[in-house]
Amino acid sequence: MTARYDLNDDSVFVIVGSGAGGGTLANELAQKGVDVVVLEAGPRYEKEEHIDVEWESFNQLSWLDMRSTSGSWGITNDFPTLPTWTCKVVGGTTVHWAGCSIRFKDYEFNVASEYGSLDGANLLDWPISLDDVLPYYDKAEDKLGVTGRHGIPYNEPDNNQMVMAAGAKNVGYEQVTAGTMAINPVPRDGRPGTMHDGFCFQGIASNARWSTLNTEIPKGEATGHLEVRPEAHVLQVQHNGSGKITGVLYADADGNQHVQKARGVSIAGNSIESPRLLLNSASSQHPDGLANSSGQVGKNYMRHTTGTVWGIFDNPVNMYRGNTMAGCVSDEARNDPDRGFFGGYYFQTLHLGPSFMGAFVDPGAWGRGFADDMEGYENMAGMWIVGEDMPQESNGVTLHETEKDQHGMPIPNVHFDDHPNDVAMRNHAYEHGSAIYDSLGARKTIHTPPYPATHNLGTCRMSARPEDGVVNKWGQTHDVSNLFISDGSQMTTGAAANPTLTITSLAIRQADYIAEQMKAGQI
Amino acid sequence: MTETGSESRMRRGTNSPTDAAVRDAAAQRTQSMYQSPDDEWAKSLGTLSAQTGCTLVGVTRMMYPHDGLGDEYYAKVVEGLDAQAGDDSDLAQLLEDGVGDLQSDGWSDKDEDARLDALVEIESTPFFQTVRNEVVTGLYGNPDVWEYFGYEGPSIAKGGYKDRGFNDIDWL
Ligand SMILES: Cc1cc2nc3c(=O)[nH]c(=O)nc-3n(C[C@H](O)[C@H](O)[C@H](O)COP(=O)(O)OP(=O)(O)OC[C@H]3O[C@@H](n4cnc5c(N)ncnc54)[C@H](O)[C@@H]3O)c2cc1C
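Residue numbers (our numbering), protein chains in the order written: chain R, 1 to 523; chain Z, 524 to 695.
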């Protein structure tokens, strides 16, 4: 049933990337009868090929093309060529994600108005409100099978979560749940219920967790309107003299270059690659990069304010038995400047195996003190902090002046400095996260700095006025009508919640718009 | 959090390296088959010299010391370095030179504290960092050490942890 389209077929809609944004948009359009070609830089590994071993899986799935970093974030020192933690495979980072699915809050679409002006923060209100997204949140939650919503039960609490919940209760938190997760508690939509196997970050071998690889893509392919072309790395988006996009240039697995013609193009390469592709598509009409009349392409990069708190106890926790993320504490997810910062954050359970723990718990550290902490592995509980970070114009993606990748495309440099608000929030969260474990008599708590960013946002942001951002309220670029952005880079601000539910909701919404525009002959 | 600068990333333990228990464990290990260039194991390395190989066993242990783990697990890390050095002569040179520098000062014959000080001195060198990175992935990533840390690893073939203790905590 999988469709095959000719390179010269200019009636197809081309999507760059097959992750949360691209994979969802592809299925939605295919369901409406639109012919879609998805060009995906990575190979296709079905679930049977996924590996439940941390580094082996990481090497199979991750985006490891060369990148450089700058700025005062710890990453420049600890992981200088790995600013982000994302995937290069069919299914994108949804093959790797933990499944935590939370809606943004009302105020989080209007933070410029809500927070006022904040030194160094390039705040802007979204051109849409929560009300615009609500119907699509419902659809996306149903699609992803989010627990605790629409009559789907929560997953049963695991050890790691029971520790966090007990401590949270001790310190007075009230909004404590087993998490709204895109992981089936019971069989649903052709996928089994969870067996709490512990390897959510290592692919979808058990198939209980939603991914575009196990849901959107096969469903789209079954319509006969979708071709997913793996190992097709898009290098440039091309346009004609009148400014319309005509197709994309891509390199195949052997490095041979082809042009796929298109009636319209959407870019969903995650927030480093999407702006990189626009910048690399500069032309005489678009001297600063395609669709960059605002100068905002690649700017305002956000990665959420994150960190991890580990508690080492006197007795076993065995946190690895259970889903990688499960429980959630939501009490701090509110805007209460009395805490010393704007915006809010969540605590979510997290476990790593010994291999990732060794690499990430305190990057670069060594010696007996480090080894002693590792000896406490069995007695460890963990929670991740995820909160809103401030968009700053100076944070972002630029093309490297000299270094090129395997296809001759300039590598991206990712620059990041924390905003003082980010630092204040992280410190507050470390302290209150530790208090949760201390209330249960933790022998020690450990504060782990941010990992290479798993949430990447803001580099092609949505704005009401063309001079403030790259795309309009539909994710359509202000400058070019048949060019769209469909991933987290369109987010005007980042909110506290993990982004993927919102990325998929916006993709479903965007599909309705694109289909209408096509019908009306606008695309 | 990591700061760029000269501050050491070595973290001392609560039990100092001169604790009696630690000394005992070390004394026991002098029987190990991975400590002398005359041992079969050291001579069996494909690329690295026997002296370099067995010195690296001591260096890797000192970087991430787990008294309950035998030298064979650290030797496994060194075997990994040896295999890579076989395909990468720059790496081979880096390791031979790094060990040569340490041993030129009689590293193996020093006491525990002095050996640690010597490592702190070189911790920002490419030699040290290359070896350290390899220990982090090669030691903690070795499935044979997981049981020691209380980790049961991949579970799908066994039906996940659903019926094997995912919610068995009993002390809360
Ligand atoms: C370990 C981990 C855990 C996570 N847990 C959660 C969670 O619990 N909840 C949550 O909401 N989010 C989570 N995330 C984040 C989530 O995975 C991302 O938000 C989401 O996948 C982003 O969707 P996207 O469409 O923007 O990009 P991706 O899903 O990354 O997809 C982008 C795709 O585009 C491809 N691509 C890029 N450039 C090109 C090009 N030039 N040509 C062709 N193809 C290209 C890439 O190969 C990739 O497949 C997690 C991420 C990680 C790494």
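Derived from the structure by calculation, the hints contain no laboratory data.
Quick caveat: nothing in here was measured; it's all calculated off a predicted structure.
C-beta: ideal position from N, C-alpha, C; glycine also.
Be careful, since some hints might not be right.
Distance condition first, Cα-Cα at most 25 angstroms in a straight line; then the derived BS3-like pairs of lysine-lysine [said to hold, decoys possible]:
| id | chain 1 | residue 1 | chain 2 | residue 2 |
| --- | --- | --- | --- | --- |
| 1 | Z | K566 | Z | K633 |
| 2 | Z | K681 | R | K47 |
| 3 | R | K519 | R | K473 |
| 4 | R | K47 | Z | K566 |
On the chain R side, residues computed to face chain Z include the following (Cβ under 10 angstroms) [what the hints assert, rightly or not]:
| id | residue |
| --- | --- |
| 5 | Y154 |
| 6 | E156 |
| 7 | N318 |
| 8 | G353 |
| 9 | F356 |
| 10 | E403 |
| 11 | K404 |
| 12 | D405 |
Among chain R residues calculated to face chain Z with C-beta under 8 angstroms, some are [stated by the list, open to error]:
| id | residue |
| --- | --- |
| 13 | P127 |
| 14 | P153 |
| 15 | V163 |
| 16 | A166 |
| 17 | K169 |
| 18 | N170 |
| 19 | G172 |
| 20 | Y173 |
| 21 | A205 |
| 22 | I312 |
| 23 | P354 |
Taking the hints in turn, this is what the structure says about them:
Among the hinted pairs, K566(Z) with K633(Z) is consistent with the structure: their alpha-carbon atoms are about 23 angstroms apart, no more than 25 angstroms. Proximity of K681(Z) to K47(R) is assessed by CA-CA distance (about 17 angstroms); at most 25 angstroms being required, the pair is judged to hold. Between the alpha carbons of K519(R) and K473(R) the distance comes to roughly 19 angstroms, so the proposed pair stays at or under 25 angstroms and holds. Using a Cα cut-off of 25 angstroms, the hinted pair K47(R) and K566(Z) is violated, with the two alpha carbons roughly 43 angstroms apart.
Restraint check, Y154(R) versus chain Z: the minimum CB separation of about 13 angstroms is more than 10 angstroms; hint violated. Interface hint at E156(R): satisfied, since its Cβ lies 6 angstroms from the closest Cβ of chain Z, which is below the 10 angstroms cut-off. The beta carbon of N318(R) is positioned within 10 angstroms of a beta carbon in chain Z (closest approach about 6 angstroms), and the interface hint is therefore held. The closest approach between the C-beta of G353(R) and any C-beta of chain Z is roughly 6 angstroms, which is under the 10 angstroms cut-off, so the hint is satisfied.
Checking F356(R) against chain Z by beta carbon gives a least distance of about 8 angstroms; that is within 10 angstroms, so the hint holds. For E403(R), the interface hint is violated, since its Cβ never comes within 10 angstroms of a Cβ in chain Z; the closest pair sits about 20 angstroms apart. Because the closest C-beta pair between K404(R) and chain Z is about 23 angstroms apart, greater than 10 angstroms, the hint is violated. Checking D405(R) against chain Z by beta carbon gives a least distance of about 22 angstroms; that is not within 10 angstroms, so the hint is violated.
Annotation: interface hint on P127(R) violated; nearest CB of chain Z at approximately 36 angstroms, more than 8 angstroms. Below 8 angstroms, beta-carbon pairs count as interface contacts, and P153(R) has none with chain Z, the closest being about 15 angstroms; its hint is therefore violated. At about 7 angstroms, the closest approach between the beta carbon of V163(R) and any beta carbon in chain Z falls short of 8 angstroms, and the interface hint on this residue holds. A distance limit of 8 angstroms between C-beta atoms decides the matter here; for A166(R) the minimum to chain Z is near 5 angstroms, and the interface restraint holds.
The restraint placing K169(R) at the interface with chain Z is violated, with a minimum CB-CB distance near 10 angstroms, outside the 8 angstroms limit. Annotation: N170(R) was flagged as interfacial toward chain Z, and the flag is violated, the nearest CB pair being 10 angstroms apart, outside 8 angstroms. Annotation: G172(R) was flagged as interfacial toward chain Z, and the flag is violated, the nearest CB pair being 17 angstroms apart, outside 8 angstroms. The criterion of a C-beta within 8 angstroms of any C-beta in chain Z is not met by Y173(R), whose closest approach is roughly 15 angstroms, and the hint is violated.
The criterion of a C-beta within 8 angstroms of any C-beta in chain Z is met by A205(R), whose closest approach is roughly 5 angstroms, and the hint holds. Interface hint status for I312(R): violated, as the beta-carbon distance to the closest one in chain Z is roughly 12 angstroms, over 8 angstroms. For the restraint placing P354(R) at the interface with chain Z, the shortest Cβ-Cβ distance is roughly 4 angstroms, inside the 8 angstroms limit, so the hint holds.
In the structure shown, a violation is registered for the earlier hints numbered 4, 5, 10, 11, 12, 13, 14, 17, 18, 19, 20 and 22, in ascending order.
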